[in-house]
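Peer 1: Turn these sequences into a full structure, and let the hints guide you.
Chains as they are written, first to last, in the numbering used here: chain A, 6 to 258; chain B, 1322 to 2252; chain C, 1446 to 1736.
For the record, the hints were derived by calculation from the structure and aren't laboratory data.
It is possible that some hints are incorrect.
What the hints assert, rightly or not - Taking lysine-lysine pairs in the DSBU-like style, the calculated list, with each CA pair at most 30 Å apart, reads: (1) K1663/C <-> K2251/B; (2) K1643/B <-> K245/A; (3) K2128/B <-> K2228/B; (4) K1647/C <-> K1522/B; (5) K2068/B <-> K245/A; (6) K1735/C <-> K2128/B.
What the hints assert, rightly or not - Simulated coverage check for chain A against chain C, where a stretch passes if three residues somewhere in it have a Cβ under 8 Å from a Cβ of chain C: (7) 62-72; (8) 97-110; (9) 120-126; (10) 131-139; (11) 142-153; (12) 203-213.
Remember, predicted model here, so these are calculated numbers, not experimental data.
The C-beta atom is built at its ideal place from N, Cα and C for all residues, glycine as well.
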Amino acid sequence: MTQLPQSTAKKLGLVIDLDTCVGCHACVTSCKGWNTENYGVPLSDDDAYGANPIGTFLNRVHSFEVQPEATGGCGSSAQTVHFPKSCLHCDDAPCVTVCPTGASYKRQEDGIVLVDEDACMGCGLCAWACPYGARELDSDSGVMKKCTLCVDRIYNENLPEEDRQPACVRTCPAGARHFGDFADPESNVSKLVEERGGFELMPEQGTKPVNRYLPPRKKDSWDSANNNVLPLNAISQEPKGFLKWLDSALGKV
Amino acid sequence: MNMKQPQVETSPKVSDEVRKTTCYMCACRCGINVHMKDGKVAYIEGNKDHPVNKGVLCAKGSAGIQQVNSPARLTSPLLRTGPRGSGEFKEISWDEALEKAVELLKPIREDNPAKLAFFTGRDQSQSFTSFFAQNFGTPNYAAHGGFCLVNMAAAGIYTIGGAFWEFGSPDWEHTKLFMLFGVAEDHDSNPIKMGLGKIKKRGAKVIGVNPIRSGYNAIADEWVGITPGTDGLFILALVHELFKAGKIDLDYLANLTNAPVLLNSDEKSPEYGLFLKDDEGKALVIDRKTGKTAAFDQQGIEPDLSGQHEIDGIVHTTVFKKMAEQYLDPEYAPEAIANQCGISAEKIKIIAAELARVAFDEAFELPQPWTDFRGKHHETMVGRPVSFHSMRGISAHSNGFQTCRALHILQIVLGTVEVPGGFRFKPPYPKPVEAHPAPHSKVTPNSPLNGPHLGFVRGPEGLALDDDGKAIRIDKAFTWENPMSSHGMMHMVISNAHAGDPYPIDTLFLYMANMAWNSSMNTSGTIEMLTDKNEDGTYKIPNIIYSDAYSSEMVAYSDLVLPDTTYLERHDCISLLDRPICEADAVADAIRWPVIEPDRNVRGFQSVLLDLGARLQLPGFINEDGSQKYADYGDYIVNHERRPGVGPLAGFRGEKGDSYGRGAVNKEQLNKYIENGGFALEHIAPEAAYYKPWNNAYQEWAVEKGFFDSPQPYIFQIYSETMRKFQLAAEGHGEHQPPEHLREQIKEVFEPMPIWYEPFEEQQVDEDEYPIHALTQRPMAMYHSWGSQNAWLRQIHGMNPLYVPTKLWEKHGFTEGDWAKVSSVHGEITIPVAHMAALNESTVWTWNAIGKRKGAWALDEDAPETTKGFLLNHLIHELLPSKRDGQRWANSDPITGQAAWFDLRVKMERLDAQEQTLPAFDAQKSPVGKG
Amino acid sequence: MHPAPSVIIFTVLTGLGFGFITWLGIGMPEVMGKSAFITYFGAFALSVIGLISSTFHLGNPKNAYKSFSQWRTSWLSREGWLAVATLLVTGLFAFLLIFFDKNLQILGYISSVLAVLTVIATSMIYIQIKAVPRWSHRSVMFYFITVSLAGGAILAGQHKPALVLTILAVIVQIVTWKIGDGRFKESGSTMETATGLGSIGKVRLFESPHTGDNYLLKEMAYVVGRRHANKLRALTLLFMGVIPAVLLLLSNGNTVALVLTAISHLIGAFASRWLFFAEAEHVVGLYYGKR
Ligand SMILES: Nc1nc2c(c(=O)[nH]1)N[C@H]1C(S)=C(S)[C@@H](COP(=O)(O)OP(=O)(O)OC[C@H]3O[C@@H](n4cnc5c(=O)[nH]c(N)nc54)[C@H](O)[C@@H]3O)O[C@H]1N2
Ligand SMILES: Nc1nc2c(c(=O)[nH]1)N[C@H]1C(S)=C(S)[C@@H](COP(=O)(O)OP(=O)(O)OC[C@H]3O[C@@H](n4cnc5c(=O)[nH]c(N)nc54)[C@H](O)[C@@H]3O)O[C@H]1N2
Ligand code: SF4
Ligand code: SF4
Ligand code: SF4
Ligand code: SF4
Ligand code: SF4
Ligand SMILES: [Mo]
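Peer 2: Set out below in structure tokens:
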């Protein structure tokens, strides 16, 4: 089933706000927790208490530093950006088309890219094909693991309506993760992308990711001389003048 | 073509049952839904109804399941068989363990209760543990606040009647400019993240003042990469700018603070600098309406900021006048301090201008009438949408108390405490110093102490000194060295006990504190002190009893180990008497309850203490016939009463369970809490929601809920008379006099209005030799030492490099993969380094408490935590290098005794990659095997 | 990319086997009966060992049979079909040759074409991975074909074609390296595009998501030192090019020389293939600051 659908009715995915993410890794462990108990086989951890612990995670948070080109003023400080990354549920998902067994597929109804673990032979080719590192071959079970967009939560009738969203979105303390339908221009995610200039990762790879990232807002504008804040005007340089001002000011109170 | 895709079960069953309790992966106390499958914990998620986290969880919270599965969990009471530190134990029964404890403690109580030092670490049942200590009769009790945040806590309480910490929060809904000083994570972890998210959503601005730009500071719109230890200067420069421009909230200062209070201004008077008071001891102000003096809280008056009053030839002028004089001084001008702070004068001025603009030009009013404590009715509540938050970054320096106070002064000058858009208290705060106990330390064999151990001293007469002026407490809290050490000084206990100074003790009883490792300064030295012996072969610290839940480093140094349960296996009480879970709009408390039963021979520590208390026949722990009073901690939570009608839990009181705060014991209370999701909450009426210290409606509500027995309105203490009293003593006045060697220091640092002085370590080490500041930060995904046993979390932080800023990176010729030898005046470590650009150029830092001792935490001996991880603590001493006079001073704030973790100065030397961080210790034997 | 032995053995041996089959199919050399048995046994052995080796790379080999299902999109699936088809057709061709002395040449031609197509399919598995820019180029196909045919020619004892193809393979190899070295840059993927933060400035990794290792790093962030790589490139040229060429030039078809040539080629091919993986950088490395 590794032919990609011509189009999908919905395009479900995430918006991740890089201006708000504090890099707390909450989305990482809640994802790990949910997916260890739910969809497919558990996510394994090898050598969990040993010298080289290595486990499967479907969502990982990187931290980058960005050094703006110095532009006059007091120079520009480096910025830290926390950067969560999971599957982007690409429209032109190369991971799907390379899969020989048909285990990888993109759902017609909502565009979620999934692995049917019962069909996966663990060749790893799809992980090679994904530019984003969104797939990890689980060493215990030998099958490919990836973000399911919590397909077993978002429609789950055993969950209260308000909980039918991905585990990582539900848990994010800063509210930096948003879930919704990008096919609907009125959805929360479409609007956020519109308002904040949401972008794709590595567009040159031609994968047409569904997930979008919101850029950090402009920072450190007070470092440069051409900011528009003026310093305060002094009413007095010394206490005497100040107390005089005070008397007049108090008269008004 | 036929697109047939696999069928996915989109509605699988989630769990058999959900049990709602409170997280304890850290002290934030979020509500959790524990999903159970086949009687086992399957998945933990946030409780959406919970006031603290409203459904979200942090990385640790979601990983709680791995704490319950941890191979490092202790499994049985242990009695040491090998030498201390070896980790050799034999398992014993609970009866044996408790009898052993009785054997140690009973003679102490009969002879001299002070020979027991009982100190507790991370827990939050202080009201209960102190109840035990008080009934035992030892003066030597404290929790970890002394090394943690006492500067912040005490500065807050002495100044505005409540601290940042988790006792208040910005008005996230309304604030438009949020300024964050020295916070990496904080106790209020999730609420701060949620709040930042809210601010960001509105597009409001965040300023982060921190040498390191990570975490919260990474998302700050403006980053102020300040040089460590200089925040006081920076803040006072902001105050200077605001004064100079007259951008200060005169109305607020006049009515709600002690700015109009009259001060004795006669330098020759023995009461110079003290408040002018009426016969009832109330501070006096001048009423602008009458021009006469009046008690500050007199109905209907309008206090004058600029008056002057002469009485018996002594001139009294206002605090405000002194304020203007002090802060208009050019020594605080941005240009004068910019270099020292590492911030441009221009940026300081812009920040001052922005603070003023948002506070005053963007002021708004909530259409909410209220009445103040002077009886004046207000039609609206004025909002100033500037808010601040701060934590250990300014607190954990030896000038931290003054810096924290300075920050409160900045808030006050802008009129932004307890107003809409500003900083708000969470009940039971605000609470003036007067409503807190003073410290007690009178010891009587076989009897309880004369009152609570900890509290807030009001002046020299309240110090815990015996008739010879010697410290009564083993940690020397409340002595001239650290007079206002409101939380005790846990970081001094082991070294004082080892030195037998002020006296030797017999038994050290610790609970939940990894003192042989990450919570000690000078870790290697501490390890030596714990194992050091007298000539006769006995240990210098004769007996150590310890309660931990896991196989920590400290366990190996204990003689008797009382294994606790994990947080999902016991009752806990997150009480209004301790650190509750309140919101600015609501009062709330919570419980933990055994959502699973322990599968090992372990017991909840509080229950063990109830048993032990009864075996020791402590009053409060036994019935009249001497039998045990409370069967277990659950029983205590429900049935114990502090004052009539006031107990550990405020919710569901009264026979029918329908009263909040005050009410009779309700046998069904715990079940009610469980049904309600593990907590109980009561909202504050809108007219009482702001201006709480001065708001009649709030004060009445607080009395009704049992926080106070009578209304306690008060004004903010810009000028601290308590501090002035200590200063006055140092100047030679009064009968309580400091020892000579401390006189000058007290005169200097007890300035009653905030000042800045250079941190002590900086004053004493050669800054050319040790030019670099070294800091630690809390990683969001780890809680101190316990995270490393967690299979998921340790993959995120399995080792820690020292982060080095670009300039130092290049200067030392580092390349990726290099290591370094880092030394302070006190010690030396060998560790991996990494480059970070967004960092103050004279600062290096690392994550806190990742490094582990080999053999601890059931980890492999070659775990990266032990080979590549390290503690900065080896470089930090509890004492400063000796001064000219040969005295060694505590590496603490001279006012509160707060441990000055962040004063550390170091130098570095490049090394090629190494195999093992140093110092490295022999492996301790794991009493629980390997995971 | 992690130079996994199973995959290296797989591509080298099947390449060699199918190259051999290609020559056999067009009757170079013409074999019958016992000699046919020996040669085809050799060709089959190489191909099958290679194919079996590929299954060692699978995490869940019990589902390997499903890999035939996605021939519409997946080159790995196509390769599977083609390999099977090649082996079947070749098997039938050989069967007739060995047991019936019957040369149904049309089958031979088909087998040759299929063999070449299989090698092409193998190369396409790599070429289609855009995320590994070094692989994602036509030249890789020529590289696989020339190495396969050169090796096949040597085994087939086709002295002159072997010489020509060996030289060609070396030229293609050098060209592929040359092109490959610039591919990552040409792909346009950088830490700035990977993170989308380029508009702010230059991006560098501050902290990896985890201090622990992970599958991605093990599998896709293999780094080989420049010096080590250059050494191996030289060895490749020596063993895959220079030694076989010299031997072929000097020997004029004697069997010992051919065996030595084959061994040298094989060593060279293994070195070349090891480099093919080890030098290939996956763009995911950008997220780990690896480049
Ligand atoms: N360099 C440096 N050092 C520091 C700091 C710093 O900033 N820099 N910060 C200091 C501060 S503020 C603090 S508060 C201290 C914290 O240091 P500690 O108070 O030592 O804190 P933890 O590492 O959390 O260790 C507490 C112990 O409690 C145990 N424990 C965990 N859960 C339970 C339980 O349920 N029951 C029982 N009985 N025990 C349990 C753990 O196993 C552990 O052994 O570190 C201090 N040390
Ligand atoms: N995840 C997690 N949460 C925790 C804990 C934990 O271990 N893990 N521990 C809990 C405990 S016990 C405590 S006490 C709290 C502490 O919470 P925080 O106060 O957030 O404590 P630290 O991580 O020590 O952070 C101190 C911050 O101050 C900065 N800093 C240091 N010196 C200066 C200075 O001079 N000026 C300024 N402006 N900044 C400075 C440091 O860079 C750092 O960011 O966290 C609690 N919450
Ligand atoms: S992110 Fe990777 S795994 Fe996910 S759909 Fe895109 S290519 Fe496939
Ligand atoms: S690993 Fe599984 S899902 Fe991925 S390509 Fe191979 S068979 Fe398909
Ligand atoms: S959507 Fe679900 S599976 Fe995907 S990253 Fe979030 S929690 Fe993990
Ligand atoms: S939970 Fe939210 S804030 Fe935390 S790392 Fe994930 S996206 Fe960022
Ligand atoms: S902040 Fe995290 S660890 Fe702390 S109580 Fe909340 S969920 Fe638990
Ligand atoms: Mo702390």
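Peer 1: State for each hint whether it applies.
Peer 2: Now the hints, each set against the structure:
Among the hinted pairs, K1663/C with K2251/B is consistent with the structure: their alpha-carbon atoms are about 26 Å apart, no more than 30 Å. With a CA separation close to 12 Å, the supplied pair K1643/B and K245/A stays within the 30 Å bound. For the hint linking K2128/B to K2228/B, the alpha-carbon distance of about 14 Å falls within 30 Å, and the restraint holds. As the CA atoms of K1647/C and K1522/B are separated by approximately 27 Å, the hinted pair is consistent with the 30 Å bound.
Using a Cα cut-off of 30 Å, the hinted pair K2068/B and K245/A holds, with the two alpha carbons roughly 27 Å apart. Restraint check for K1735/C and K2128/B: the C-alpha separation of about 23 Å stays at or below 30 Å, so the hint holds. Given a C-beta distance limit of less than 8 Å, the hint that chain C covers the region 62-72 of chain A holds, as 9 residues qualify and 3 suffice. Beta-carbon proximity to chain C at under 8 Å applies to 9 residues in the region 97-110 of chain A; the threshold of 3 is reached and the given coverage holds.
For the region 120-126 of chain A, the stated coverage by chain C is satisfied: 4 residues place a CB nearer than 8 Å to a CB of that chain, which reaches the threshold of 3. Counting residues of the region 131-139 of chain A whose C-beta sits closer than 8 Å to any C-beta of chain C gives 7, which meets the bar of three, so the coverage hint holds. Against chain C, the region 142-153 of chain A contributes 7 residues with a C-beta closer than 8 Å to a partner C-beta. That satisfies the three-residue criterion, and the hint holds. Remark: the region 203-213 of chain A is confirmed as covered by chain C, as 8 of its residues place a Cβ nearer than 8 Å to a Cβ of that chain, reaching the required three.
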